[in-house]
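Student: Chain by chain, the residues run as shown.
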Amino acid sequence: MNKFFNPFRYIAGGKSLLAGLLILFLTAVTGYFSHTHFPDLISIKLSPAFPLWYFVVQVFTNWLVISIVLYGLALIFSSSSVRIIDIFGTQALARFPYFLAAVTGFFSAMSKFGRYILYTRFHQGEPVDLTSTDVILVVFLMMLSLFLSIWTIILMYNAFRISANVKGGKAVALFITAFIISMVATLFLSRYYLSLVAG
Amino acid sequence: MEKKLPIVCPSCESELKVNSMHCESCSTTISGMFELPLLLKLSRKEQDFILDFVKASGSLKIMAGKLGLSYPTVRNMLDDLIGKIEKLQNTPQL
Numbered sequence: 001m002n003k004f005f006n007p008f009r010y011i012a013g014g015k016s017l018l019a020g021l022l023i024l025f026l027t028a029v030t031g032y033f034s035h036t037h038f039p040d041l042i043s044i045k046l047s048p049a050f051p052l053w054y055f056v057v058q059v060f061t062n063w064l065v066i067s068i069v070l071y072g073l074a075l076i077f078s079s080s081s082v083r084i085i086d087i088f089g090t091q092a093l094a095r096f097p098y099f100l101a102a103v104t105g106f107f108s109a110m111s112k113f114g115r116y117i118l119y120t121r122f123h124q125g126e127p128v129d130l131t132s133t134d135v136i137l138v139v140f141l142m143m144l145s146l147f148l149s150i151w152t153i154i155l156m157y158n159a160f161r162i163s164a165n166v167k168g169g170k171a172v173a174l175f176i177t178a179f180i181i182s183m184v185a186t187l188f189l190s191r192y193y194l195s196l197v198a199g
Numbered sequence: 001m002e003k004k005l006p007i008v009c010p011s012c013e014s015e016l017k018v019n020s021m022h023c024e025s026c027s028t029t030i031s032g033m034f035e036l037p038l039l040l041k042l043s044r045k046e047q048d049f050i051l052d053f054v055k056a057s058g059s060l061k062i063m064a065g066k067l068g069l070s071y072p073t074v075r076n077m078l079d080d081l082i083g084k085i086e087k088l089q090n091t092p093q094l
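If you're matching them up, the sequences are chains U and Y in order.
Counting with UniProt numbering, you get residues 1 to 199 for the letters of the first sequence.
Counting with UniProt numbering, you get residues 1 to 94 for the letters of the second sequence.
In case anyone wonders, no lab produced these hints; they're calculated from the structure.
Among the hints, a few may not be true.
Using C-beta positions, here's what the derived DEER-type ranges look like [as the list claims (entries may be wrong)]:
#1 U:Lys170 with Y:Gly65: 27 to 33 Å
#2 U:Val197 with Y:Lys84: 52 to 58 Å
#3 Y:Asn90 with U:Ser195: 54 to 60 Å
#4 Y:Leu40 with U:Lys170: 30 to 36 Å
#5 U:Val184 with Y:Leu38: 47 to 53 Å
#6 Y:Leu5 with U:Met142: 54 to 60 Å
#7 Y:Asp52 with U:Leu196: 50 to 56 Å
Just so it is clear, the structure is predicted and the values come from calculations on it, not from any experiment.
For every residue, glycine included, the Cβ atom is placed at its ideal position computed from N, Cα and C.
Could you put together the complete structure from these sequences and hints?
Tutor: Below you can see the structure in the form of structure tokens.
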């Protein structure tokens, strides 16, 4: 259980950076094929057929923004000698659950549910009939997405706590600060990327 | 069985001092009041960590490999140990 929520006790630095970069790239490519995008630090959403570069840039932006903010805070508030490779490497690896989230987009029930919402709420597209199996699958996938988001946040927090050697209330306060700053920054950048996609 | 050197009083949890030392060879016993050396005030696990660290030529990377832990985890352990040693050094002796 400890390795599940805090693998950074055993892996950090170059190894986690290499594994993390591979995971980020796979997340972007999987998201492209399953039409799942991550428009900010933690959101998981279905997307139209955007170009591949959008998925790659968005996934890497989410990782870079939080890593830069956390590294800055660690330099200011940590009494240890913090290595940049530990912060960036562990934050990259911490986003592993989002690879699984991208895979969930392959279930047709989710896109069907998306079309259903579009038609019933916004009167767009064609009418869609949801079967009880679809509803059960959608509820399960939504709960799974929520779990994956919570898992990612716990991993990101533990990655920061270990890499920057901060503890207790100080670690929580710094992480929440970095999280809010990164949420705003990634939302802003996401809108910019979407405007480029829209042309 | 390896005996553990007690460093705190089991009754009131105050720090223990050395009261007597004995020579096994000639049975000479010296009595007095001596402070425990700083390193002996650390736990056995912490003493082992210091020994391993010295044997690894002060390399955290080698230590991390030996303990099967990540570099920042070992650095954090060292930083915590440094903090504890500084606290012990700054504690006034009664």
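Student: Hint by hint, say whether it matches the structure.
Tutor: Going through the hints against the structure:
{"no.": "1", "hint": "U:Lys170 with Y:Gly65: 27 to 33 Å", "in the structure": "30 Å, holds"}
{"no.": "2", "hint": "U:Val197 with Y:Lys84: 52 to 58 Å", "in the structure": "54 Å, holds"}
{"no.": "3", "hint": "Y:Asn90 with U:Ser195: 54 to 60 Å", "in the structure": "58 Å, holds"}
{"no.": "4", "hint": "Y:Leu40 with U:Lys170: 30 to 36 Å", "in the structure": "32 Å, holds"}
{"no.": "5", "hint": "U:Val184 with Y:Leu38: 47 to 53 Å", "in the structure": "49 Å, holds"}
{"no.": "6", "hint": "Y:Leu5 with U:Met142: 54 to 60 Å", "in the structure": "58 Å, holds"}
{"no.": "7", "hint": "Y:Asp52 with U:Leu196: 50 to 56 Å", "in the structure": "53 Å, holds"}
Of the numbered hints listed earlier, not one is contradicted by the structure.
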